[in-house]
Amino acid sequence: METQLVLEKWPGVISTVTIGADKKDGASRINTVKIGGQNSLPLLFKEGDIPNRPAIAFEIWDIPPQDWDEELALAYGKVLNDPFAWADKCVNEFKAQLLCVRMQGTHPDSGNKTPKEAAKFISTLLSKVKVPLIIIGSGDDAKDNLILPACSEAAKGERCLIGCAVQDNYKTLVASVLADGHYIIAESPIDINIAKQLNILISDMGLSLDRIVINPTIGALGYGLEYAYSIMERARLAALSGDKTLASPFICFVGQETWRTKEAKTAPKQGIIWEIITATSFIQSGADLLVMRHPAAAQKLSDYIDTLFKK
Amino acid sequence: MFIIGELINGMYSNIGVAIKERNKKEIQNCALTQIACGADALDINCGPASGQPLVDMPWLVEVVQEVTDAPLCLDSSKPMVIREGLKASRNKTIINSTTADEEKLETLIPLAKKYKSKLIGIAISAKGIPQNKDQRLELAVAIVDSCLKENFPMEDLYLDPIVLPVNVAQAQMKDILESIAEFKIIADPGPKTTLGLSNVSQGTHLRSLINRTFLTMAVAYGLDSAILDPKDKELIDTLITAELILNKNIYCDSYLEAYRKK
Chain F
1 METQLVLEKW PGVISTVTIG ADKKDGASRI NTVKIGGQNS LPLLFKEGDI
51 PNRPAIAFEI WDIPPQDWDE ELALAYGKVL NDPFAWADKC VNEFKAQLLC
101 VRMQGTHPDS GNKTPKEAAK FISTLLSKVK VPLIIIGSGD DAKDNLILPA
151 CSEAAKGERC LIGCAVQDNY KTLVASVLAD GHYIIAESPI DINIAKQLNI
201 LISDMGLSLD RIVINPTIGA LGYGLEYAYS IMERARLAAL SGDKTLASPF
251 ICFVGQETWR TKEAKTAPKQ GIIWEIITAT SFIQSGADLL VMRHPAAAQK
301 LSDYIDTLFK K
Chain C
1 MFIIGELING MYSNIGVAIK ERNKKEIQNC ALTQIACGAD ALDINCGPAS
51 GQPLVDMPWL VEVVQEVTDA PLCLDSSKPM VIREGLKASR NKTIINSTTA
101 DEEKLETLIP LAKKYKSKLI GIAISAKGIP QNKDQRLELA VAIVDSCLKE
151 NFPMEDLYLD PIVLPVNVAQ AQMKDILESI AEFKIIADPG PKTTLGLSNV
201 SQGTHLRSLI NRTFLTMAVA YGLDSAILDP KDKELIDTLI TAELILNKNI
251 YCDSYLEAYR KK
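In order, the protein sequence lines correspond to chains F and C.
Per my numbering, the very first residue in the first sequence carries number 1; after that it's consecutive.
Per my numbering, the very first residue in the second sequence carries number 1; after that it's consecutive.
Because the hints were derived from the structure by calculation, they are not lab data.
Relax, there's no trap hidden among the hints.
No farther apart than 27 Å at their CA atoms in a straight line, the calculated lysine-lysine pairs in the BS3-like style are these:
no.	chain 1	residue 1	chain 2	residue 2
1	F	Lys130	F	Lys120
2	C	Lys231	F	Lys244
3	F	Lys244	C	Lys248
4	C	Lys261	F	Lys244
With the rest of the complex left out, here is chain F (with noise of 0.2 Å):
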């Protein structure tokens, strides 16, 4: 006897996020990365409709890094210590789609850059590569609130993620967002009840909830991927039986959660594998947008996601 499978249809929608406005949008990026916009679980095609693939982001800083694993760094070589150098090697060599820039020199003890000088980076940055860009404080909160609004500024119309939000410290940056035309990250610690809520904040604002990216926070495999892999799954339920509040894409930091454990940086290539490792299992879990480090573990999740669509 042939066997039915039981197929689940689901209420609610997740939103679909654009990032990056091209030139019909009056704006200067080359091509637009779409997230989002599934009515079903993960990888589930046949219970709705998947329209995007989760997206991999290239994460760089606007220094160079002091802290990075000697493997890690290799990977990129001289460009690390040019920003712009590092981003060009992304995008032509690497082929990524979408670059997130750590904002890592404005923070108190690593440059104490001025909001000034953190503006005219994003528009050097914005000049010489077309990708769509994610920006990231440094997080110092009261640092970032002056630096994150110049950035937004600095890349007005040009519809970018800008994070990170927290329930603590979320009215300037919803501002500048609501202001510029860009996405908000919404962070929550590993912590459903504060992801919605924060949410609803944010919503309040009047920044609308189809422009709110969550980042559920995740840990490394073997620091507590389980949890946020539970929260998202759980979250996700909850946005397809018809709980708007929730019906965002999740974007991960897989490369920097990845890099600070011990197991990256034991082995050669074992950073790699914990990288990819990490990435995929987010993917079951429902991950929309991955932030990778190493090019090979972004490669190997390329080729990942390429097999898991194949029609």
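Keeping the supplied structure of chain F fixed, place chain C upon it in accordance with the hints.
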């Protein structure tokens, strides 16, 4: 919880007058207010005083669907009146209601199928109101059987255990609540459940409190839908909280607001 707003009913004096005077604005305001307060569908009832329900029902339907595409719950004990309402409806519809009597079932199930309408079946028959859980189940089974015979989809059937005022039938309250859970396992997939809430507090002095306490308990027994006054904010807040406690929605500090954003 699928909330059906009960306020468009000729029994209420403002609506009764509005029907008589063909005052569209009054009806439409009532429709929009209920939806703003959280109603998913609107009950439409010409009321006992309507001398011409066959005309009033389609008029009400037209007037309401001018301002909303919310489903309409066509409420009459007369199948002819429901038919006129169905004919006029472009919105989705719910027939409110059939009893377990054969002649009603034979008319209303085919009508529901023809107009792709949902159907409320009340556990009551010409013999009278059931006196206990077993009688309720017997009547519910009769309704389910008829629907199955006619291939009417179970997910479109709502069974109502018939709520009685607590000051009249106090001994039956527990049976009514338990019926909700048992109705759902009569068939697989099971029918849904609904009830007319306000009846429970009829003639009492603390209507709102009794309504929301009963509703909370009914939700715990698995109630899927209720016909109620969505303008009672405490009632709706209590309902949202009851569903939160049953893990139907994810908690956040602004969960009431989050529910309303749905």
